[in-house]
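Undergrad: Spelled out, the chains give:
There are 2 protein chains.
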Amino acid sequence: MKIAIVAPSCSLKREAAERVAAIAAARGDCELAIHPQCFLTQGHFAGPDADRLAALREVMADRSVDAIWFARGGYGSNRIAEAAARNLPDAAHRKIYLGYSDAGFLLAALHKAGLEVAHGPMPQDVLRDGGEAAVARALDYIVQRSDSGLETGLDGPAMAFNLTVLSNLLGTAIEPELAGLDLLIEEVSEQYYRIDRAMFHVTGHEGVRAVRRLRLGRVSDVIENEPLFGGDEQGIVRDWCDRSGIAFGGPADIGHDAGNKVVPFGSSRL
Amino acid sequence: MKIAIVAPSCSLKREAAERVAAIAAARGDCELAIHPQCFLTQGHFAGPDADRLAALREVMADRSVDAIWFARGGYGSNRIAEAAARNLPDAAHRKIYLGYSDAGFLLAALHKAGLEVAHGPMPQDVLRDGGEAAVARALDYIVQRSDSGLETGLDGPAMAFNLTVLSNLLGTAIEPELAGLDLLIEEVSEQYYRIDRAMFHVTGHEGVRAVRRLRLGRVSDVIENEPLFGGDEQGIVRDWCDRSGIAFGGPADIGHDAGNKVVPFGSSRL
Chain Z
1 MKIAIVAPSC SLKREAAERV AAIAAARGDC ELAIHPQCFL TQGHFAGPDA
51 DRLAALREVM ADRSVDAIWF ARGGYGSNRI AEAAARNLPD AAHRKIYLGY
101 SDAGFLLAAL HKAGLEVAHG PMPQDVLRDG GEAAVARALD YIVQRSDSGL
151 ETGLDGPAMA FNLTVLSNLL GTAIEPELAG LDLLIEEVSE QYYRIDRAMF
201 HVTGHEGVRA VRRLRLGRVS DVIENEPLFG GDEQGIVRDW CDRSGIAFGG
251 PADIGHDAGN KVVPFGSSRL
Chain A
271 MKIAIVAPSC SLKREAAERV AAIAAARGDC ELAIHPQCFL TQGHFAGPDA
321 DRLAALREVM ADRSVDAIWF ARGGYGSNRI AEAAARNLPD AAHRKIYLGY
371 SDAGFLLAAL HKAGLEVAHG PMPQDVLRDG GEAAVARALD YIVQRSDSGL
421 ETGLDGPAMA FNLTVLSNLL GTAIEPELAG LDLLIEEVSE QYYRIDRAMF
471 HVTGHEGVRA VRRLRLGRVS DVIENEPLFG GDEQGIVRDW CDRSGIAFGG
521 PADIGHDAGN KVVPFGSSRL
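Protein chains in written order, with the numbering used here: chain Z, 1 to 270; chain A, 271 to 540.
Calculated from the structure, these hints are not laboratory results.
All of these numbers come straight from a predicted model, not from anything done at the bench.
The C-beta atom is built at its ideal place from N, Cα and C for all residues, glycine as well.
Among the hints, erroneous ones may be present.
[Unchecked claim] Covered stretches of chain A, as calculated for chain Z (at least 3 residues, CB under 8 angstroms):
1) 308 to 316
2) 492 to 498
[Claimed, not checked] Pair ranges (Cβ atoms, derived):
3) Z:224 - A:303: 32 to 38 angstroms
4) A:477 - Z:26: 48 to 54 angstroms
5) Z:206 - A:320: 22 to 28 angstroms
6) Z:221 - A:537: 43 to 49 angstroms
7) A:476 - Z:245: 21 to 27 angstroms
8) A:292 - Z:244: 39 to 45 angstroms
9) Z:244 - A:320: 16 to 22 angstroms
10) Z:86 - A:288: 55 to 61 angstroms
11) A:520 - Z:64: 47 to 53 angstroms
12) A:364 - Z:247: 38 to 44 angstroms
Using the sequences and the hints given, assemble the complete structure.
TA: Dropping the structure here:
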């Protein structure tokens, strides 16, 4: 199986690329094709929009590529997501697309266009403590569609998003269709007041109010609130679920960490 | 003229209250009623939601109050904005409501409910360098509907919002109706990547795409982007206007500073 790695957001660290390549080589069940675009830099991004889009479209159209693995998050995939999902080549349909965090913009756009996508660990995660397990989990899913790395609470169609990414998707052309499914959210490096504000926004949206239930993944590296906010993510999320009539479904085993599990979008896997 | 000050977001500093009271006393053309709720604190907020809402509803229903001036921004008015605009007492209609930043959630909700609202300086702005001029500008507008403090580029119906507040309004029950008017935006204390992401979100929304034009106020205290973003707010906003077919109308004289001008919502003043 051939897995292409491209970086639609920020550039991939060389060390991460090398370590992931070594893991794949040791497995012997997959070939990684790390696109040179992963190492481009232009300001915040892994190269200009045109280069990031071209690399993604190139591997989407490549019949020899079985899976596309987004290198990392950061910021920037929203700038090319709508274009990436337009006028899809046939070959784009016979692949799986895996990533999370900022890559959620692409997961939303590509899933909406009918492609198979999943929330899950990315190559740059190998640099985390315990990151090799995250990479192994992602590859097990990509190569074998292994159940072992799935988020264990899944019992119906689901989607998983970073909360802020979801907030920024709502109302756009690539807004996900959430009615009737489990919505799993996670967050990183935000203050509680921003998390509260994003929950106001997200739960104020009719499409989000139509989810089957909302489940809360890990909220990590919370930035200190000045003054102290006076609550935590559990209270915030439960409060907004109560206010908006959304069923709260408890914790979800996802987040910006090595324990981040796989959540296939929609019902194709369940 | 009696002007009530309430704090729907964060608590007002005593020093600001004293200085604004002195300015009003020296003018002799208005009486400030600084509601005790302004000095409550509960975590991030100027008291619990119920107390902030009750104070606001109390002054809205008070026939002796001619204007309601929001004490300051911060975060939290979104938590009570929808309730504040529901089942309005008659007396709420014979008033003007002034504020900006986080108070934009209330401006949106109250304007949508048919009330007269304006973007403009708030009491806590007196603590800024040159803040007395900002307070004088707000009071001139509240008391006299003076043209002198108006944003000078206004030549038709307009609304003004903090960019992040606008992003968090879209899709909610208190989303502003922006079609055909000038949209003025400003921002403070964000990284460029967040500004870019908010512009993606805002300009991806059909209602925003229907504005007459978008004008850019000041973007201050930009938080350093790691790595450097590779552009500034001018480039970001022009780029998203180009992408989304929104006419860019040039600069706007608003922002989180003492120079912040008054922008009456809608067409009532022009």
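Undergrad: Go check the region 492 to 498 of chain A versus chain Z for me, would you? Three or more residues, Cβ under 8 angstroms, otherwise it fails.
TA: holds (count 3)
Undergrad: Can you let me know if the beta-carbon spacing of residue 86 (chain Z) and residue 288 (chain A) is within 55 to 61 angstroms?
TA: 59 angstroms, holds
Undergrad: Against the range 21 to 27 angstroms, how does the distance between the Cβ atoms of residue 476 (chain A) and residue 245 (chain Z) compare: consistent or not?
TA: Because 25 angstroms falls inside the window, the suggested range holds.
Undergrad: How does the Cβ-Cβ distance of residue 221 (chain Z) and residue 537 (chain A) compare with 43 to 49 angstroms: does it lie in that range?
TA: 46 angstroms, holds
Undergrad: Using the C-beta atoms of residue 244 (chain Z) and residue 320 (chain A), is the stated range 16 to 22 angstroms upheld?
TA: 18 angstroms, holds
Undergrad: Regarding residue 292 (chain A) and residue 244 (chain Z), is the given constraint of 39 to 45 angstroms on their beta-carbon distance met?
TA: 44 angstroms Cβ-Cβ, so the 39 to 45 angstroms window holds.
Undergrad: Does 38 to 44 angstroms hold as the CB distance between residue 364 (chain A) and residue 247 (chain Z), or does it fail?
TA: 42 angstroms, holds
Undergrad: Examine the region 308 to 316 of chain A for residues whose CB is less than 8 angstroms from any CB of chain Z, and state whether their number is three or more.
TA: n = 5 at 8 angstroms, threshold three: holds.
Undergrad: Just to be sure I understand the hint, the distance between the Cβ atoms of residue 206 (chain Z) and residue 320 (chain A) should be within 22 to 28 angstroms; is that true here?
TA: 26 angstroms, holds
Undergrad: Taking 48 to 54 angstroms as the stated bounds, is the beta-carbon spacing between residue 477 (chain A) and residue 26 (chain Z) within them?
TA: 53 angstroms, holds
Undergrad: Kindly confirm whether 32 to 38 angstroms is satisfied by the beta carbon distance between residue 224 (chain Z) and residue 303 (chain A).
TA: About 35 angstroms separates the Cβ atoms of residue 224 (chain Z) and residue 303 (chain A), which means 32 to 38 angstroms holds.
Undergrad: Are residue 520 (chain A) and residue 64 (chain Z) spaced within 47 to 53 angstroms by their CB atoms?
TA: For residue 64 (chain Z) against residue 520 (chain A), whose Cβ atoms are near 50 angstroms apart, the range 47 to 53 angstroms holds.
Hint check: no violations occur; every hint is consistent with the structure.
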